[in-house]
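These protein sequence lines are chains R and E, in that order.
Residue numbers for the first sequence follow numbering that gives the first Met the number 0, beginning at 0 and rising by one.
Residue numbers for the second sequence follow numbering that gives the first Met the number 0, beginning at 0 and rising by one.
By construction, these hints were calculated from the structure, which means they are not laboratory data.
Possibly wrong hints are sitting among the right ones.
Which copy is meant is left open, because identical chains are indistinguishable; a pair holds if it fits in one copy or across any two.
[What the hints assert, rightly or not] Straight line, CA to CA, 30 Å or less: simulated DSS-like cross-link-like pairs of lysine-lysine:
#1 K287 to K270
#2 K270 to K237
#3 K400 to K237
#4 K74 to K400
#5 K237 to K49
#6 K74 to K376
#7 K237 to K74
Chain by chain, the residues:
There are 2 protein chains.
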Amino acid sequence: MESAVGIGILGAGVVGGSLVRRLTEDNDAIRAKTGLDLRIVRAAVRDLSKERDFSVPDGVLTDDPMAVIEDENVKLVVEVMGGLDPAGDLILAALEASKPVITANKELIAARGAELIAVADRNGVPFLFEAAVGGGIPIIRPLSETLAGEQIDTVMGIVNGTTNFILTRMAEDNQDFEQALKEAQQLGYAEADPTADVSGADAAAKAAILSSLAFGVWVGFESVFHEGIENLTLVDLKNAADLGYVVKLVAVAEKTPRGICTRVHPLMLPKEHPLAGIRGSTNAIFIKGPTIDELLFAGPGAGGAPTATAVLGDVIDAAREILAGAEVSPAIRFGSGEILDFAEIDTEWYLRIEVDDRPGVLAAIAHEFGANDVSIKSVWQDGEHGEATLLLITHRAAEWKQRAAVAAVGGLTSVRRVSTVMRVDSGTAGR
Amino acid sequence: MESAVGIGILGAGVVGGSLVRRLTEDNDAIRAKTGLDLRIVRAAVRDLSKERDFSVPDGVLTDDPMAVIEDENVKLVVEVMGGLDPAGDLILAALEASKPVITANKELIAARGAELIAVADRNGVPFLFEAAVGGGIPIIRPLSETLAGEQIDTVMGIVNGTTNFILTRMAEDNQDFEQALKEAQQLGYAEADPTADVSGADAAAKAAILSSLAFGVWVGFESVFHEGIENLTLVDLKNAADLGYVVKLVAVAEKTPRGICTRVHPLMLPKEHPLAGIRGSTNAIFIKGPTIDELLFAGPGAGGAPTATAVLGDVIDAAREILAGAEVSPAIRFGSGEILDFAEIDTEWYLRIEVDDRPGVLAAIAHEFGANDVSIKSVWQDGEHGEATLLLITHRAAEWKQRAAVAAVGGLTSVRRVSTVMRVDSGTAGR
């Protein structure tokens, strides 16, 4: 059996263009390996007059996305335009027309994933999004298929290449945040407006997806706490290194006895942690469970080519399902489960505090921590000319108590400012 | 839709027993997450009177494997008995009866995979073997599905936990091979007869499977060169470390312009290589290609529980296909392609040679290398009391030339013995 499958593509930017080139240039190789003849039937672009770095036959390009979805020769739809609108409604239309949909749109899935998956389920067609998390790293399929029967305790991931590039440059090459960000932009790792990356919002959307698939309970973007890397300084990365840690922006999805907690924030990882060695724009996902022990997946997290690889894998999978004529049901169904607010989770904190260099200051700070039920694990003081810097690491305590303690410390007259707070991985991943 | 699927199991040893416990104890959790009610209908064991660490209802256990396959309530068959016979013919019988088969049997797949896959294809049923390579690491599915459309240059893997445990103990804890092997046996990592592990044969079977899936050309076990770790000494591991390398038993599957070459042997990896940091019984697979760049998968490579996880993922997948009523075709089809003998590949060698400590010895050795068209990259000499040790690293040259040079050197009267040869990873993975 060798069969042609007509493909419609929505969007022909970096990922879409890369996909078009792969489907045309590698058509023979793909056919040899999979038996599938994947043909681009229609592709919707915003601006028909724009010059492209790929070529398609006349009549393939259109500026009307619905023309792609409604074309009777389009048997599956690939959405790589990004954003919530109109991508979401276009995907809905395709699924309602019983056409399989493949998307790389993490923002959309984190926002409307449960709804879209339900519509796909009702129409018996695949809705696949391997490219939404971890770029070229196969993680969605392993998580939702191979590990479907597995009890998972924790998923931790470095899922934003831009911020990992910046943090690597800062830690290894002594660049400050602004310098590293500028370099990331010059290299094309960071966008002109880097907010979604550096604020942790991009990683939070991916964390929502990972958490949903790992635990079989839908976790929306809105229930993911996120904090970015904008306020991290060279001093803090150096302090972390001196203490035996590496600072990473980490997405954590955790199943606790009280519920599922999902968050993104800078985290001080012990140097031996499997994610500590992930450098540059590489992404990695670390999965922990009682029988699976520890799994690590690492690879290129971003860029047109690796993302197109993940999309292409999904296209091949969906095309096989189409040819098999199967009524497809999703690998994972979402049940109910408690979502636990991050404030309820026990965390351990690193703090850098600028204080007046006079007697009694440490006692006053220690008092505020004690009053908020947080105990201090270690303190270093470094002072000159009347001002001193205190570095503290606390013992584990509920996040909300840590926050209250820090707020109280910030209000002390002898405290000039709390310059940095960072959470510390204490090896038990938040339990 | 929630549906029951009857499962038959062949073999109830370490992996089989672990699977039975998972299917019974986690039945509710699996049903909640996947919608599948997976029921063990029959399980074949060798000895019905043996005590088991799991319990199944009366009538489930049998000592007749065909009774499992022929039971009309058995909708899919799991083979975890291992070995070539009778496992191979039992799997054939199940596939011919149009029952999906899941197996963890790398030895059988490396020997008869092409035949079994063709029979599964002809009968339109899944034949899945995620557990055959890398234990609990999802690698077969990513390789054959997510990366099906991907051009892959090289797959390198640490795919035998026993030998990696032994090498880690030797390198980090100064144990010699015999001590480390004994400890591996005490911990249950190595079998009483460790030949298959330490000789590289187990890894070679896995290399054959990885190579076949990566390149879409069937590579049988018999075309995989393998060399074990039996002759490695503490001295060589220490020398490697001094030179900036870590010694691992590595399976390499490589696509060269002249053909596909697959082999297993000890390899000196630069300390920065992604596989160099894989310690103890952990397994890891590293994939390289022009668009995917570098992917790393790491996790528990052996043991009943992780292997049962991989089997369970396949069971869930096959059960979904059964319920979808699909005529299944395999993700990857095997085409024709050149298989390149390892002797034809360029390699770089490390040699430890015991020689008489007198003038002209190095010149004689250098002459033999030169006569065989192999050039020497670096030499260290360390001698006392008339005997000296030479350490050499050669430049890249065809493996057959390296072998010829070493044979010639071994024949020199001033050479007492060539104690160790090891291949060195020069960063280009054999191109």
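Results for each hint:
no.: 1; hint: K287 to K270; in the structure: both (18 Å within a copy, 26 Å between copies)
no.: 2; hint: K270 to K237; in the structure: both (13 Å within a copy, 24 Å between copies)
no.: 3; hint: K400 to K237; in the structure: within (27 Å within a copy, 50 Å between copies)
no.: 4; hint: K74 to K400; in the structure: neither (54 Å within a copy, 54 Å between copies)
no.: 5; hint: K237 to K49; in the structure: neither (47 Å within a copy, 60 Å between copies)
no.: 6; hint: K74 to K376; in the structure: neither (60 Å within a copy, 57 Å between copies)
no.: 7; hint: K237 to K74; in the structure: neither (54 Å within a copy, 59 Å between copies)
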